[in-house]
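Enquirer: Spelled out, the chains give:
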Amino acid sequence: MKFHWFHLMAYPYLPDDFKQRYPSVWVTPPAAELYDPVKGHQVYNDYLDQLEFAEQCGYDGICVNEHHQNGYGLMPSPNLMAAALARRTSKAKLVVLGNSVALYDPPTRVAEEMAMLDVISGGRLVAGFPVGTPMDTNYCYGANPVTLREKYREGVELIVRAWKERQPFAFNGKYTQLRYVNPWPTPIQTPRPPVWIPGGGSIETWEWCIKNDFVYAYLTYFGYMAGTAVIDGYWETVERLGAEPNPHRVAFLQFVGVAENDAEAERLYAEPAQYFYNRCFHIDPGFAGPPGYASIATIRKGVRSQVRDSAAQVQGKLLSWKEILDRGCVIAGSPSTIVDRLNDMADRMKVGHLMLLMHYGNMPHETVLYNTTRFAREVMPKLRHRFSEWEDKWWPKDTLPEIRKPAPIGVAAE
Amino acid sequence: MLQREFLELSGGRQVQVHRAGQGPTVVWLHGPHGVRKNDPVIAELAKHYSVVAPVAPGFNDVDELDEIRDVHDLALHYDDVLEALKLDDVVLVGHSFGAMIAAELAAHVPKRVAQMVLISPFGLWRDDKPVADLFARPYATIDRILWRTGEPPAFVTDPANFPNDPVEKAVSIVQAMTSVAKFIWPIPDKGLRRRLHRVSAKTLVVFGADDAFVPAIYADEFAGAIRGARKAVIPDAAHMVPYEQTAKVIQLIEQHLGD
Numbered sequence: 001m002k003f004h005w006f007h008l009m010a011y012p013y014l015p016d017d018f019k020q021r022y023p024s025v026w027v028t029p030p031a032a033e034l035y036d037p038v039k040g041h042q043v044y045n046d047y048l049d050q051l052e053f054a055e056q057c058g059y060d061g062i063c064v065n066e067h068h069q070n071g072y073g074l075m076p077s078p079n080l081m082a083a084a085l086a087r088r089t090s091k092a093k094l095v096v097l098g099n100s101v102a103l104y105d106p107p108t109r110v111a112e113e114m115a116m117l118d119v120i121s122g123g124r125l126v127a128g129f130p131v132g133t134p135m136d137t138n139y140c141y142g143a144n145p146v147t148l149r150e151k152y153r154e155g156v157e158l159i160v161r162a163w164k165e166r167q168p169f170a171f172n173g174k175y176t177q178l179r180y181v182n183p184w185p186t187p188i189q190t191p192r193p194p195v196w197i198p199g200g201g202s203i204e205t206w207e208w209c210i211k212n213d214f215v216y217a218y219l220t221y222f223g224y225m226a227g228t229a230v231i232d233g234y235w236e237t238v239e240r241l242g243a244e245p246n247p248h249r250v251a252f253l254q255f256v257g258v259a260e261n262d263a264e265a266e267r268l269y270a271e272p273a274q275y276f277y278n279r280c281f282h283i284d285p286g287f288a289g290p291p292g293y294a295s296i297a298t299i300r301k302g303v304r305s306q307v308r309d310s311a312a313q314v315q316g317k318l319l320s321w322k323e324i325l326d327r328g329c330v331i332a333g334s335p336s337t338i339v340d341r342l343n344d345m346a347d348r349m350k351v352g353h354l355m356l357l358m359h360y361g362n363m364p365h366e367t368v369l370y371n372t373t374r375f376a377r378e379v380m381p382k383l384r385h386r387f388s389e390w391e392d393k394w395w396p397k398d399t400l401p402e403i404r405k406p407a408p409i410g411v412a413a414e
Numbered sequence: 001m002l003q004r005e006f007l008e009l010s011g012g013r014q015v016q017v018h019r020a021g022q023g024p025t026v027v028w029l030h031g032p033h034g035v036r037k038n039d040p041v042i043a044e045l046a047k048h049y050s051v052v053a054p055v056a057p058g059f060n061d062v063d064e065l066d067e068i069r070d071v072h073d074l075a076l077h078y079d080d081v082l083e084a085l086k087l088d089d090v091v092l093v094g095h096s097f098g099a100m101i102a103a104e105l106a107a108h109v110p111k112r113v114a115q116m117v118l119i120s121p122f123g124l125w126r127d128d129k130p131v132a133d134l135f136a137r138p139y140a141t142i143d144r145i146l147w148r149t150g151e152p153p154a155f156v157t158d159p160a161n162f163p164n165d166p167v168e169k170a171v172s173i174v175q176a177m178t179s180v181a182k183f184i185w186p187i188p189d190k191g192l193r194r195r196l197h198r199v200s201a202k203t204l205v206v207f208g209a210d211d212a213f214v215p216a217i218y219a220d221e222f223a224g225a226i227r228g229a230r231k232a233v234i235p236d237a238a239h240m241v242p243y244e245q246t247a248k249v250i251q252l253i254e255q256h257l258g259d
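Note that the protein sequences, when read in sequence, are chains A and B.
In this text, residue positions in the first sequence follow our numbering: the first is 1, and each later residue adds one.
In this text, residue positions in the second sequence follow our numbering: the first is 1, and each later residue adds one.
Looking at chain A on its own, in the form it has when it is part of the complex (with noise of 0.2 Å):
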């Protein structure tokens, strides 16, 4: 089992009764009024220390995305975080989850940026490519939900073209059309690196993954209790589909929290996470469904509105500590019992690849590099072995031995 460090970027200073008098902390919160750019400064400053810091206690990928007009996701750009992780880090592999491909014209734009990434990291890059929620892409970058399936797709399939093919091409595509598509530089992986897809609970995406073969991340904020439903699913596509049923090809999101025993972990964990979940966590029911955003097939199998229900049963509501706990959405206590957790997740899901949340909501920064050291001395090396019967294919194999680090130069003495 492989271990990503995962930050989302809350904004850590939204107002005690943010949820009473903002509709949104997506798509409508008003900047100017709430976000305190010298603050800001401290704040993505931390977050990349984090970062780097996940590098040195041993996790295998550190992992940015994008959101926009999101106060708890201030990365509008994951692939300037990766550069400036790229710089930093020499080890841990850039999983970028990844750029919403329908919001760039053209997407040969994606495979520039990431092909950058991966150059200048020297083959550490994960390509990941979400379609986009709707808050992201139909309410703050104004793109047809009717559509953005489809132009997503073309664009993926462009993308991965383009680093395949040997020789510049002519697309003419339905939402794209060039004459000459040639994109400088190459990655340094071949044929191209992985692909993992962040999804939520759409049927098509199930196949689209397995056929392509994309590692499909399913990342959802209430824990694998209820997110069991949706890889069911997934598995269920993979044996339909007759493909190998390696855990590898799934990845799953987790917040955790480690501490020395559950009064500890109250004490660390209860006051980032409600304000995670009651006051970051409340978004207009208005921006959840366009019309168009999903498929019928998927309206009439249900699964995105199981989804929707445990994000309902969330909305509108002040959490407390053990109903965060008793959902799953946070697994939190000491090394023990966060191995036994997500050991039953193992067994569960067979997600051979754990993205952590290990930051949420407004945890200070001291909390944040104890509980990423605990979990990586001691629950880490417990689950290392899950799945080590199966290879992992999804993963990076080009990374150059030899990677050059940033190093000051000497300004010569006069």
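Because the hints were derived from the structure by calculation, they are not lab data.
Just so you know, not all the hints are guaranteed correct.
[Stated by the list, open to error] Straight line, CA to CA, 30 Å or less: simulated DSBU-like cross-link-like pairs of lysine-lysine:
#: 1; chain 1: A; residue 1: 317; chain 2: B; residue 2: 169
#: 2; chain 1: B; residue 1: 86; chain 2: B; residue 2: 129
#: 3; chain 1: A; residue 1: 39; chain 2: A; residue 2: 19
#: 4; chain 1: A; residue 1: 211; chain 2: A; residue 2: 405
#: 5; chain 1: A; residue 1: 301; chain 2: B; residue 2: 86
#: 6; chain 1: B; residue 1: 86; chain 2: B; residue 2: 190
#: 7; chain 1: B; residue 1: 190; chain 2: A; residue 2: 174
#: 8; chain 1: B; residue 1: 231; chain 2: B; residue 2: 190
#: 9; chain 1: B; residue 1: 202; chain 2: B; residue 2: 111
#: 10; chain 1: B; residue 1: 190; chain 2: A; residue 2: 301
#: 11; chain 1: A; residue 1: 91; chain 2: A; residue 2: 397
#: 12; chain 1: B; residue 1: 47; chain 2: B; residue 2: 202
#: 13; chain 1: B; residue 1: 47; chain 2: A; residue 2: 19
#: 14; chain 1: B; residue 1: 47; chain 2: B; residue 2: 190
#: 15; chain 1: A; residue 1: 174; chain 2: A; residue 2: 164
We have chain A already, so just place chain B on it with the hints.
Expert: Same frame as chain A, now just chain B:
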């Protein structure tokens, strides 16, 4: 009663068309609820006219939208529909999305349309009087913005008109919303203002005074941009004005077409 048929268009597309009544032909371009079995407005029109009501692409099957990529394709699709119906010098009466389609068709192919009534049309934009975002609210609350009382009337709750199964009912609403969203996302200004000068049809613009979706001030925008157009703003009515003030709207239509 409504009669239903399927029409083959050139290019291989199919369209479902409903017919009712006797008299001079009126093409009814429906609003957000499609063409329903017991549609009181079609029933009233059918007392004096031969009503022909094509179903907009996507309302029955969203896959129909695949190759109708923009409003231009949409206008040409309706030109194909009228061609298949063998109708020239057409009288169009459109409501809501159907009124936008009527205006686009009359702007793209002016010679095809002799007279038209645009009821609660959208397709224009004013920064100071924005059209409400129909798509940034849960589906269950859409009635609040469409109907003056905020409550769906018998037309919507009549089990003959919508599927009883909750999932299928949701699918039916999503299909309709998807069809509209494709052509007006994120702002319903796709260049119609630049084209409206081409319209030669004798035009009446009708709005409900309390329209919370498209403010009634847009009556001036449409009437001002179409040569010789007249307007009527009906009190005690909102976006669903033909269903809320049916007698008044029918009277205005008859007057306009009879003049």
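Enquirer: Check whether the Cα positions of residue 39 of chain A and residue 19 of chain A lie no farther apart than 30 Å.
Expert: Measuring from Cα to Cα gives roughly 21 Å; hence the hint holds.
Enquirer: Are residue 174 of chain A and residue 164 of chain A close enough, with their CA atoms no more than 30 Å apart?
Expert: OK: residue 174 of chain A and residue 164 of chain A at ~21 Å, within 30 Å.
Enquirer: Within 30 Å, alpha carbon to alpha carbon, are residue 202 of chain B and residue 111 of chain B?
Expert: 12 Å, holds
Enquirer: Would the hint linking residue 301 of chain A and residue 86 of chain B be met if the CA-CA limit is 30 Å?
Expert: 42 Å, violated
Enquirer: Hey, residue 211 of chain A versus residue 405 of chain A, does the alpha-carbon distance stay inside 30 Å?
Expert: Violated: residue 211 of chain A and residue 405 of chain A sit about 37 Å apart, past 30 Å.
Enquirer: Please verify whether residue 317 of chain A and residue 169 of chain B have alpha carbons no more than 30 Å apart.
Expert: With a Cα-Cα distance of about 29 Å, the restraint between residue 317 of chain A and residue 169 of chain B holds, given a limit of 30 Å.
Enquirer: Going straight from one Cα to the other, do residue 47 of chain B and residue 190 of chain B come out at no more than 30 Å?
Expert: Violated, at roughly 36 Å.
Enquirer: Measure nothing beyond the straight line between the CA atoms of residue 86 of chain B and residue 190 of chain B; if it is 30 Å or shorter, mark the hint as holding.
Expert: Answer holds: residue 86 of chain B to residue 190 of chain B is near 29 Å, not above 30 Å.
Enquirer: Decide if the proposed pair is consistent with the structure: residue 86 of chain B and residue 129 of chain B, CA atoms, cutoff 30 Å inclusive.
Expert: Violated: residue 86 of chain B and residue 129 of chain B sit about 40 Å apart, past 30 Å.
Enquirer: With the threshold set at 30 Å, check whether the alpha-carbon distance from residue 47 of chain B to residue 202 of chain B stays at or below it.
Expert: It holds: about 23 Å lies between the C-alpha atoms, which stays within 30 Å.
Enquirer: Quick one, are residue 190 of chain B and residue 301 of chain A close enough, alpha carbons at most 30 Å?
Expert: 34 Å, violated
Enquirer: Is residue 231 of chain B close enough to residue 190 of chain B, meaning Cα to Cα at most 30 Å?
Expert: The given pair, whose Cα atoms are some 22 Å apart, holds under the 30 Å limit.
Violated hints, listed in ascending order, are 2, 4, 5, 10, 13, 14; each of the other numbered hints is respected by the structure.
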